[in-house]
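Visitor: One line per chain: the protein sequences are L and E, in this order. The numbers in the first sequence follow this note's numbering, run straight up by one, and end at 384. The numbers in the second sequence follow this note's numbering, run straight up by one, and end at 1516.
Some hints could be false.
[Said to hold, decoys possible] Simulated DEER-style distance windows between Cβ atoms:
#: 1; chain 1: L; residue 1: S161; chain 2: E; residue 2: K1206; range: 52 to 60 Å
#: 2; chain 1: E; residue 1: D1327; chain 2: L; residue 2: T183; range: 43 to 51 Å
#: 3; chain 1: L; residue 1: L206; chain 2: E; residue 2: Y1015; range: 54 to 62 Å
#: 4; chain 1: L; residue 1: Q258; chain 2: E; residue 2: K1276; range: 25 to 33 Å
#: 5; chain 1: E; residue 1: E1325; chain 2: L; residue 2: F229; range: 30 to 38 Å
#: 6; chain 1: L; residue 1: T234; chain 2: E; residue 2: K1206; range: 54 to 62 Å
Hint data in this document are derived by calculation from the structure and do not stem from the laboratory. Since the model is a prediction, treat every value here as computed from it, not as a measurement. Heads up, the beta-carbon is just placed ideally off N, CA and C, and yes, glycines get one too.
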Amino acid sequence: MKSTKRYEVYRTAIAIAIALALGYILILLSAFPKGDMAFFDKLKSAIKDANDAFRTFLISPVLKHRRGHWVFNLRGFIQWINESVPIMITGLAVSLIFTARHFNIGAEGQLFLGAAIATGAAIYFPSIPIITPIIVILIASMVGAAWSAIPGYLKSKWNASEVVTSLMLNYVALYMGLFIIKTFLRDPNAGQLVSLKFSDSATLFLLNDRYRWHSGILIALALSFALWFVMKKTTWGYKVRLIGNNKHFAYYSGINTQKTFFQVHLLSGAIAGTAGIIELLGYYGRFVWLYSPGYGWDGIIIATLARNNPIYVPVAALFLSYIRVGAKTMGRYTNIPPEMVAILQATIILLVTAEAFLSQMKQRAIEKEAKHTEEAIVGGETNE
Amino acid sequence: MSEYVLEMRNIWKVYPNGVTANKGVNLKVKKGEIHALLGENGAGKSTLMKILFGFERPTEGEIYYNGELVNINSPYKAIELGIGMVHQHFMLVPSLTVVENVVLGMEPRKGLSIDLKKSIEFVENEMNKYGLPVPLKEKVKDISVGMKQRVEIIKTLVRGADLIILDEPTAVLTPQETVELFKALKNLTKAGKTVIFITHKLNEVKEIADRITVLRRGKTIGEAEVKNITEKDMSRMMVGRDVDIEIDKTPAKPGKIVLEAKNLEYTRFDGVKMLKGVNLKLREGEILGIAGVEGNGQTELVDIITGMDKPENGEIFIFGKNMKEADNPYEFRKIGMSFIPADRMLHGVSKEDTIEENLISDRFNRAPFSKKGVLKYNKITEFAKRMIKEFDIRTDGPKTAVKMLSGGNIQKVVVAREFTSNSKIIVADQPTRGIDIAAADFIRRRLVKERDNNVAVLLISSDLTELLEVSDRILVIYHGEFVAHFENIKEIDEQILGEYMLGIKKMSKEEMGDLI
Ligand SMILES: Nc1ncnc2c1ncn2[C@@H]1O[C@H](COP(=O)(O)OP(=O)(O)O)[C@@H](O)[C@H]1O
Ligand SMILES: [Mg+2]
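Model the full structure from these sequences, guided by the hints.
Guide: Structure, rendered in structure tokens:
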């Protein structure tokens, strides 16, 4: 089966390459100057601009141009890492629930409501270093778990589609969260709708003060490893994989499938619930969202890219935040609209997830392998 | 033009999952003959026929029909050429009448609706021509399996088939129905039709076929005139070596009752009463066989006995314990029952997971497979390697995904798990269906061995030969009731079982004795 594994990797790589090529073409098109120049000159100018823009897009998160030299871009780098944190966490939550083949897509609501309620604790809870952030995060986590338990319960009790219920609950969570912030936690002195500042020791410690590189990345990486361990090495993870792959078999084997499904909803919600508050504690120091930040949806993209494997989730999250930061920087220094990156992303996801893509190639590999092993078996038959 | 209506040359088929089902198969069929395609389960017979009928595309190879090279890229094309197929699983609409099913897709019309009178005339004409009477106005769901099969044959005939393929037509039939089918097939060849008949039962070949082609592991082993070949030679060609199907078996020494079902009743979701007060007693050290045409309540009975489902009424006692409170197979396993399910891909394995993970699904929570909730993979692999050896599972190793195995080897994974859980009761539902002879033989012997170790075995099988060979007692189920109980297997045969299975005969309560 080795060659089919290899094709998974090829498939992802080719999808990314095609999407980038497509991105380049789009940049090229939007870089065409107006006015009455000869077409050839227009093209030349467009290619030059596009090359510059594309270079910025590709390398700005790590390198920048300073006095004729390429130097390390600390600010871009920190932005890249910081932005990967919440989507890494939602990616883990989603990959867990997807492993069980349940489609609770409520991570967005879980993280929003979790963050809103935990904001209260982060403002008013007595300031104790280290302890306070842990308690605040745990509160968000519990809110997320409780919110996720609702579709889980409705599913196991009445077989209500968790897709629909969790989707609906996202809206409820959004408006409930905003209501809480507006009514109880609003900072009256701030110009827009934000919460009061968190208490000093509630915030996460910083790895770099100047660009606010916060320690959320450490939490997210630790979570990734922990979830990987749980899924691959523990009896509970085994149960989840089994019910995901064939719940009838799991039930037949004596596994309490309803209970395990419910636990999966709880744990997934508990993880997703922390995604928002960790970013607020680390970066902003107060609740700042007027609408859903969209990290829950990013989680679905990341889980898909990572094939639901927690150990690949950080890679996928870093990849996604890299192209986003690159696109933003490109938007700042050139005339290319940052919406470009949305198109780019969509293309990548589409290409990577389309199972049919390159299946022709895969089929040929399988056939080759089958004939190969066939020969081996036939060869062995004479010894029987 | 050659003497053959059909020639398939050097057919290769690689399925998307990597299974090579046909490896250069050749098949030659003469006009007007009954040609038996013979081979073990998994030999590639159905695949070859699906290719001929345009359901699957060959990876390589050529098909000549009436001497011409043809490209059969869909069933429509096959039908156009005059090829018809009766599948292993019927393709009929249960809620429609027989005549509606037959004319479906080609119905004579009167305005917007079907011209029923014309349809009936048309079908009646065909069925009389070939001596194949069917009840035209009854709904398909109300007719017997044998009738359904006949409807399928008529369907092919009205579409103008000259070459009719039947995929294991006798597997679902009782002995009496088989006799009827054979008569019908003879009529067809008399009328100039050609028949390809798939089977792995040798006595049937002797009875009906003119010539045979034998497949083994996807290859043509040989072809022969039936009159020039013995059953023993055929079986050697099929299996590749001499087979001794007899199992040496000492008389059972049954002990106390370990499983008792009292007055079980069950109504299916569609309102059909599947079990009408079933009683059953199973003793340790015996194999109790259950015979019956499929769909007479066996599935429901097994589900209830193994805890997969709950009865509407009635009780189960295991080792004297009332299982009323237990609503999960877990409780049944804990008390000492294991279960080989009929649908192995649905219940028996998780095909995406590895062999070793499939082998521990009922015991992963215990030492030595885990400790404090953490799996001990080295112990698991060690155990899996032992199982692979003991049960002769043909694979690269314990970390291979189950989906990469053949049907027989998948079943060995299931039985390896179920035979090694130290159970005192084994429920085996169709344990050898669809697997190769060697694996089936292995499983049957193992069932007997378990019995000799004082385990109680409940064997549900539609293979009557198997039931008669392995069981110590046999119960026959018909329409949700037991209608016969045989305590002396030596005195009965397939014919006798068949009469009870079809509901032609029924024993009284006294005749059945007190073990029921
Ligand atoms: N649709 C399919 N996809 C993948 N493998 C298949 C498919 N159908 C059959 N096979 C495999 O091909 C082999 C031959 O199967 P089949 O032609 O059904 O044999 P037979 O009819 O002789 O029992 C088996 O190993 C079977 O598992
Ligand atoms: Mg078949």
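Visitor: Give a verdict on every hint.
Guide: Hints, verified against the model:
1. For the pair S161(L) and K1206(E), the supplied restraint of 52 to 60 Å holds, since their beta-carbon distance comes to about 56 Å.
2. The hint said 43 to 51 Å for the Cβ distance between D1327(E) and T183(L), and at roughly 46 Å that hint holds.
3. In this structure the supplied range 54 to 62 Å holds for L206(L) paired with Y1015(E), their Cβ-Cβ distance being about 57 Å.
4. At roughly 31 Å, the beta carbons of Q258(L) and K1276(E) sit within the given window of 25 to 33 Å.
5. Take E1325(E) and F229(L): their Cβ atoms lie about 36 Å apart, and the range 30 to 38 Å holds.
6. For T234(L) and K1206(E), the Cβ-Cβ distance of about 58 Å falls inside the hinted range of 54 to 62 Å, so the restraint holds.
Checked against the numbered hints above, the structure breaks none of them.
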